[in-house]
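*Asks:* Let's have the full structure, built from the sequences with the hints guiding it.
Protein chains in written order, with the working numbering: chain A, 1 to 158; chain B, 159 to 798.
The reader is advised that the hints may include incorrect statements.
As the list claims (entries may be wrong) - From the structure, some residues in chain B lie toward chain A, with a derived Cβ separation under 10 Å:
hint	residue
1	Arg336
2	Arg380
3	Leu519
4	Leu549
Honestly, the hints are just simulated from the structure, not real lab data. Quick caveat: nothing in here was measured; it's all calculated off a predicted structure. Idealized CB from N, CA, C, for every residue including glycine.
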Amino acid sequence: MRRIATLTMAVAGLAATAAAANKYGTAGCGLGSMAFGDQKGMIQILAATTNGLFGTQTFGITTGTSNCADSGGGVASAKAFIETNREALAKDIARGQGETVKNLATLAGCSDAGAVGGSLQKSFSSIFPNASTPSEKVSESIVQTLRKDKALACGKLG
Amino acid sequence: MLLPLLASLLGARAAADVSGVEALIARARAERLSGDTAWIRLGHWRRTLGGGWKSEADGADFFLASEGKSDPARELEATLRAIFGLVPLSADQTARGVLPAFCRFPARAAWLVGKLGIDPARLPAQRCQRLEEYWARVAPESVSLVFSSYYLNNPASAFGHTFLRIRKRDQDVPRERRELLDSGIDFSATADTGNPLLYAFKGLTGLFPGSFHLFPYYYKVREYNDYESRDIWEYELALSGAQLAMLAAHIFELGSTYFDYYYVDENCSYHVLTALEAAAPELRLLDHVRVPVMPADTVKALFANPGLVRGIRYRPSAMTQFRARVEGMDAEQLTVVEGLAADPAAPLPRGLATPERIRVLDAAADLIDVRHAQELLVEAEGPGANLKQRLLARRAKLLLPSPELSVALPSREQPHAGHGSGRFSTAVGYSSGRGPLLSLGYRLALHALDDPPAGYPELSQIEFFPASLRFYPRDQSVELESIDLVNVLSLHPVSRFDQRLSWRVRAGARRERDGGCDGCLVGALALGSGFTMAAARESVAFFLFADVELQGSPALRGIERLPALRIGVGPSGGLRVRMGERLTWMGAAQWRWLPAAFATTTWALESKLRWEMGPGAAVGLDARGQPGGSEGALQLYFFF
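*Replies:* Next comes the structure, spelled out in structure tokens:
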């Protein structure tokens, strides 16, 4: 169920962007929460001709949250980023580099994204011990890995 | 110049100057400020048929005057009072947590302060915490209009989608290290039903509320690039610092309201343009789109304002990335990739050098992501998740970074380069049964397989309301030849990595000419599915389908007991060949078994030759045959 988290979805209604990231914690930022419902398949073709022009959210996201929306850097926004980007990040970590690793390095305040990639790649099996590892565990391990590796000097992780 | 102004609006200020407000209102009246284009756009007012005004915004909190929705002047006066803290919240608004009027309208305030030359020091001391937080988060450095490509597999996205990306200012970090950390802002409907018919009805009649939402940009990237495998195009706009500030401020204002969402006109792409127009009154965007508002047309509207687009960026989908990774691989490497995607522990050929190992493992990881994109998000223990886990663990053990993948911008696919979404055609021809014919054709949207290829997916067709009318001089009669509600064809070439079925659906009415129908107009719903093969970079494509079709018409000689109906089952196929950039030939054939009908079989053959004469115009030579007659026509097409 890790990725089907019950979600008060991850988007901040603009006027409600008040709350700071750590106020809500990071639970519920996973992509898996998107309500796909029965909005798929050919049976929808009639609706298609009307609704798609038309660009509705396949995500079914309506109002959101500021907890995930913050990208100012620090532990909370790094964790939110990790949990939402889990699938892409797992691939980039295995590859030792990539866009999600670079952006994570920025949120964590690490100056050398290449070194971050190398350090996380080395720890791949402890960060992702198996497919069903909950995303909150993944984000916690990543933050710990970055903190422990003093040479990375990830200044925003405290 | 507005940036410091907005900043001063955010901070603490001196005591309110109430006495001056009425004087300001009098000046605003004298200068007729409420008729200024900028003001009208900030309030989203439109002229009514009766010559009055009505705002498209439907949320009551967007108006400070009780008749603000229909009266820009009253609303302007109320806004001036609000800026000076003279418009209190109602008890109900306080209970709902609505922001104080002063905080709710930073763009209106900035515009009025500038226009009337109000000294910011005269404004009341009042902090707007939410606005400050919003401002810190968005911190606009630039804005792009983002087009997420056509996606036929989800009908809701078949025409593409547009939204805004506001790039955040951050001098300390190079741009490439914060590509995902910006704000994505879109306008979308809050659908409250999964029932397709109800959905369509509510969508057409404006029964869903639509509103603006702010996302971290990485949500959008994951959704479109990965989950739906859609290419993303970013059109960066040359807005001034002041315009950018107004845009960000106005989007904040829009966050307090909603608009009834109409799929055909007041849709996502439309409101993205209204927001841009409000921020920059010198822009003319809506003048260049028409109903139905097509996302790609809104991109073209940007180009109708010279100099507005200052850069185009391309973000390849997961599928495009995978294709780039396997490009140039030999057959043996491709076999290894295929094997790894099915069994991550599969032995690698002996002697395969480490860079090559990395290459095949990385390609296989992308393939697993593409194949299992939807399952990966919802099933932690699913087959895709387990494959991916094992493959990535193996890849990580090599302890070397992968080379960066770069995918060049495919200039032919740029959405703004596509032909117009509407099509008008005229033809002169000859029918074996009726003699000479003249024809007029119209298509509301969007693209057919034989249309010019630039800007559209090469193997997808989505036609919405194509219709043609004929005049037969010999009989002096005008007749409706065909009208479809929708005609979609989605071809997926079968490859070693992609065995998805192709499919088609058509709903509409056409004249049939066979043993059961002598040119009668027959309503039909046809569904088909099958295989596609493509070669030479998809310039040659062949497809073979199994179809089922239900036809109905009072004039039909159909099933014995139910003559108005007949059911057709059978194969169909087609071949499309692109010869160079401008010339296209397409042939199609179908055969139908019509069980228990008056005539038990029917067939059709079709040939279309198209020559693109220049932007927006094509000429064609068509031939069509059925058991009851054949015809040919010379066609002229105009895209608009």
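*Asks:* A separate judgement is required for each hint: does it hold in the structure or not?
*Replies:* Cross-check of the supplied hints:
The beta carbon of B:Arg336 is positioned within 10 Å of a beta carbon in chain A (closest approach about 5 Å), and the interface hint is therefore held. For B:Arg380, the suggested interface contact is upheld, since its CB lies about 6 Å from the closest CB of chain A, less than 10 Å. The criterion of a C-beta within 10 Å of any C-beta in chain A is met by B:Leu519, whose closest approach is roughly 8 Å, and the hint holds. The restraint placing B:Leu549 at the interface with chain A holds, with a minimum CB-CB distance near 8 Å, inside the 10 Å limit.
Comparing the model with each earlier hint shows no violations; every hint is respected.
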